[in-house]
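> Based on the hints, put chain B in the right spot on chain A.
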Amino acid sequence: MTLSKQLDKLLMRAEKPGRYIGGELHTEKKNPAAISTRFGFAFPDTYEIGMSYLGLQIIYHILNKMESVYCERVFAPANDMENLMRKESLPLFTLETKSPVKDLDILGFTLQYELSFSNILNMLNLGGIPYRSAERDASFPFIAAGGPCAFNPEPLADIIDFFMIGDGEDILPQVCKAHDRWKESGKDKDEFLKSLIEINGIYVPKFYTPSYYEDGQLKAIKKNYDKAPDRIEKQIVENLNQAEFPQKTIVPLIETVHDRAVVEVFRGCTRGCRFCQAGMIYRPVRERSKETIKQIAARQLEETGHDELSILSLSTSDHSEIEPLVEELMSVCKDNNVSLSLPSLRLDSFSFKVLQEIQGYKKSGLTFAPEAGTQRLRNVINKTITDADIYHGIEKAIELGWTNIKLYFMLGLPTETFEDLDGIVEIAKNITDINYRITGKRGRFNITVSVSSFVPKAHTPFQWHPQDTADVFLEKQLYLKDKLKKIKGVSYNYHGTDSSYLEAVFARGDRRLSEVLIKAVTLGCKFDSWREHLKYDLWMQAFRETGIDPNFYAHRERTYDMVLPWDIIDSGVTKEFLISENNKAIQETQSPDCRLHCIGCGINQKAECTMGERYEE
Amino acid sequence: MKNRYAVRFYKDGNIRYISHLDLLRLFKRTFKRAGIRLQYSQGFNPHPKMSFAQPLSLGYSSSSEYLEFETQNTYSTDVIAEKLNSLMPEGLGILSCEELPDKEKSLAAMTEAADYEITIPVDDSLEIENTDLLREYISQDQIKVMKRQKKSGRKIEINIKPLIYSISVDRRGNCIMLEAKLAAGSVSNLSPELVLTTFCEFTDISYDRATVAIKRKEIYFIK
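Residue numbers (my numbering), protein chains in the order written: chain A, 1 to 617; chain B, 1 to 223.
Hints are computed from structural coordinates only; laboratory data are not their basis. Treat each hint with caution, since some may be false.
[Claimed, not checked] Subject to a maximum C-alpha distance of 25 Å in a straight line, what follows is the list of computed DSS-like cross-link-like pairs (lysine-lysine):
id	chain 1	residue 1	chain 2	residue 2
1	A	Lys334	B	Lys49
2	A	Lys606	A	Lys223
3	B	Lys83	A	Lys29
4	B	Lys150	A	Lys16
5	B	Lys28	A	Lys294
6	B	Lys223	B	Lys2
7	A	Lys223	A	Lys206
8	A	Lys16	B	Lys28
9	B	Lys28	A	Lys248
10	B	Lys83	A	Lys248
11	B	Lys2	A	Lys334
12	A	Lys9	B	Lys217
13	A	Lys29	A	Lys65
14	A	Lys222	A	Lys575
[To be verified] Only some residues are given here: those of chain B computed to face chain A with a beta carbon under 7 Å:
id	residue
15	Tyr17
16	Arg29
17	Arg33
Cβ atoms here follow ideal geometry from the backbone N, Cα and C, with glycine treated the same way.
Chain A with its partners taken away, still in its complex shape (with noise of 0.2 Å):
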């Protein structure tokens, strides 16, 4: 029986099975006998999560264009299907041509979340693939995997053959070609990856021998294979604006999390946020100017006939034509019968007017993320909003008819105390009388107060900090519970931390930890990202199985002089700037925004940055 007539008969019981049929508008139909590279694109989760993610339309757009490769797109089936799947003996499939993935020449998995890396190995499985790298001879495809977890890679270091670190457009084209010629060669495994090292930005971990001291510290990574790089330098696309953007986009029979138009308007960001990860990895920023997210958006919208449009970035207010190009789009919407979303806008009056124009009287609630509670912290994290700013924007939302405030805020930032905390509680109280004030009511009116827990993550300023234990968290949150609600119109959302200490884990992690992945998987865990499947206990019994304390990860001050399990990983940013911001932070100092002032950051030693100190000239 084929595997599409198998794969009909558990359609009928699956649930919905329209995640698992293929077909959509736009998808790529090839002959796989006339290619020399079959690639597959696996995105660690289900179909609806997967598909919303940009970097999907962009690489399967960038590779099927290319005549020796075809790019298959493959998901995480559900737990039902899952069920279905290993019952009737089907293995993990392709969308496009329900190919076991088992066949493909390259499996490519991205990496958007540490709490994805179980379903990675859950997938492999799935598709009858051993999980290590060295466990799989030539009749399996190469394990391959990038995103902005493959900065640090080596929690996978022995599950993966290779991975691609940094921008995806020309890289993944690069391998494929070098695929295509390594295959007709004829020759063995290990000249492919060795043939790959020639590619910036390809790290191979088994060219790579870590080694420890007594204590359980790394000592050194050292390469094994002469020719290998020393450090692996990330790739970098340096003009976004003439590189290849998607106009006929997948679009997706089902719905998704996001199912809309969506234009990247630029790379980076230049806020220099000290605990975010994106904002240091994609830098420089690189922008696309506004005639051609303009076009674009026209033709996406065109061949695809969504109804909402976004425009996406790490800080979408920052773009240098904002409000042109915001103008412009809204009139294209307008006309058409298009939504218009932004996400990632700040509170100053441009942004008003902008939502008030495409909110209309339709509010629904107003979102932003002050991140700390007060001034001081503020300074620490470099998150250069005032309160001020805060009051400000509230007062301008109120007076426009605003009655839901969403506040995100991060507990167990580095230097936090209970006074940051009050903070909070004071900012919440402020508005609530604020609106008092401008409304002269206390009904009607709701303020929702999120808080997260800080998990520090590599190439960060705050990559040395101990993330707080999962006492200390609780401790803090029942005090923010107790605090928040004496105060009326306030509601107060927190969540267990079990998942952001597992995400502390791997987000910091080495080698070793890729025997207690499998550890985990072999005892159930997947879909750790979902709060309904997280299977907190059976992680625990796979640090114990393995022995491997997760505290020391999650829980362990690190110093300058350590060697950090990702310095072989070069994302451009220096590590003196790092400990310099770092610095700056315990001194509760703040950088400017780089578009002011150059902070020195490196990253344009190995690339231009039209940046630095662009508002000086």
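Just chain B now, kept in the frame of chain A:
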């Protein structure tokens, strides 16, 4: 003068695994891509004037579904059918398009019956005389099923026999084929699932629902 149209279309293959709402969204996007501007409702949350005659359950195929809609401009029915057809994904196709009179009720309100074809794979060894089977099934005074009421959630017993307008059975290879014309629409509606379960229960035929194929073959409207 409104520009009201209806298209008749089929749904088959893997696309039968997308829901009624997903299909509605698909048509909405297809109209946009085709450059056919739909009329939008007024009010807080404008939505295009477009609806199906009858929702089709997930997993069912159909050789005759109807979608009605209102456009801003006037088109020839051929142009609409052609434009939509060129943009339909595999498994969906427009069979015809016609104009609807201004004042007529919606197709959903006029739907009164539908034909279904139910294909039940059975054991080869199963020996039954079709005609006897059917005669006995349909000659029951009442065909009773327990149905949960939407509002109260209580289960009540109902007699579905009056809602079965006609039924025939045929043995084809290792399948039993039921063809039935059932009440459909907002006044009274009978799901073919209930015919399937009561028939198989009555005749003591064991089957696996996942292998049963149900196809809607026609929808009938009040003239």
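> Give a verdict on every hint.
Here is how each hint holds up against the structure:
1. Of the pairs offered as hints, the one joining Lys334 (chain A) and Lys49 (chain B) holds, with about 18 Å between alpha carbons and a cut-off of 25 Å not exceeded.
2. Of the pairs offered as hints, the one joining Lys606 (chain A) and Lys223 (chain A) holds, with about 23 Å between alpha carbons and a cut-off of 25 Å not exceeded.
3. Taking the CA atoms of Lys83 (chain B) and Lys29 (chain A), the gap is near 22 Å; set against the 25 Å cutoff, the hint holds.
4. For the hint pairing Lys150 (chain B) with Lys16 (chain A), the CA-to-CA distance comes to about 23 Å; that is within 25 Å, so the pair holds.
5. With a C-alpha separation of about 23 Å, the suggested pair Lys28 (chain B) and Lys294 (chain A) falls inside the 25 Å cut-off, and the hint holds.
6. A threshold of 25 Å between alpha carbons decides the hint, and for Lys223 (chain B) with Lys2 (chain B) the separation of about 21 Å falls inside it, so the pair holds.
7. Distance hint between Lys223 (chain A) and Lys206 (chain A) is fulfilled; the C-alpha atoms sit about 9 Å from each other, no more than 25 Å.
8. Restraint check for Lys16 (chain A) and Lys28 (chain B): the C-alpha separation of about 21 Å stays at or below 25 Å, so the hint holds.
9. Only pairs whose Cα atoms come within 25 Å are accepted, and Lys28 (chain B) paired with Lys248 (chain A) is accepted, the gap being roughly 17 Å.
10. Taken as a hint, the Lys83 (chain B) and Lys248 (chain A) pair is honoured in the structure, with Cα atoms around 18 Å apart against an allowance of 25 Å.
11. The hinted pair formed by Lys2 (chain B) and Lys334 (chain A) meets the criterion: a straight-line CA distance of about 23 Å does not exceed 25 Å.
12. Of the pairs offered as hints, the one joining Lys9 (chain A) and Lys217 (chain B) holds, with about 22 Å between alpha carbons and a cut-off of 25 Å not exceeded.
13. Restraint check for Lys29 (chain A) and Lys65 (chain A): the C-alpha separation of about 12 Å stays at or below 25 Å, so the hint holds.
14. With a C-alpha separation of about 19 Å, the suggested pair Lys222 (chain A) and Lys575 (chain A) falls inside the 25 Å cut-off, and the hint holds.
15. Interface restraint check: Tyr17 (chain B) against chain A, minimum CB-CB distance 4 Å, threshold 7 Å, status holds.
16. Proximity of Arg29 (chain B) to chain A holds as hinted, the smallest CB-CB distance being about 3 Å (cut-off 7 Å).
17. A hinted interface residue such as Arg33 (chain B) counts as satisfied when its beta carbon comes closer than 7 Å to some beta carbon of chain A; here the least separation is about 4 Å, so the hint holds.
When the structure is compared with the earlier hints, no violation turns up for any of them.
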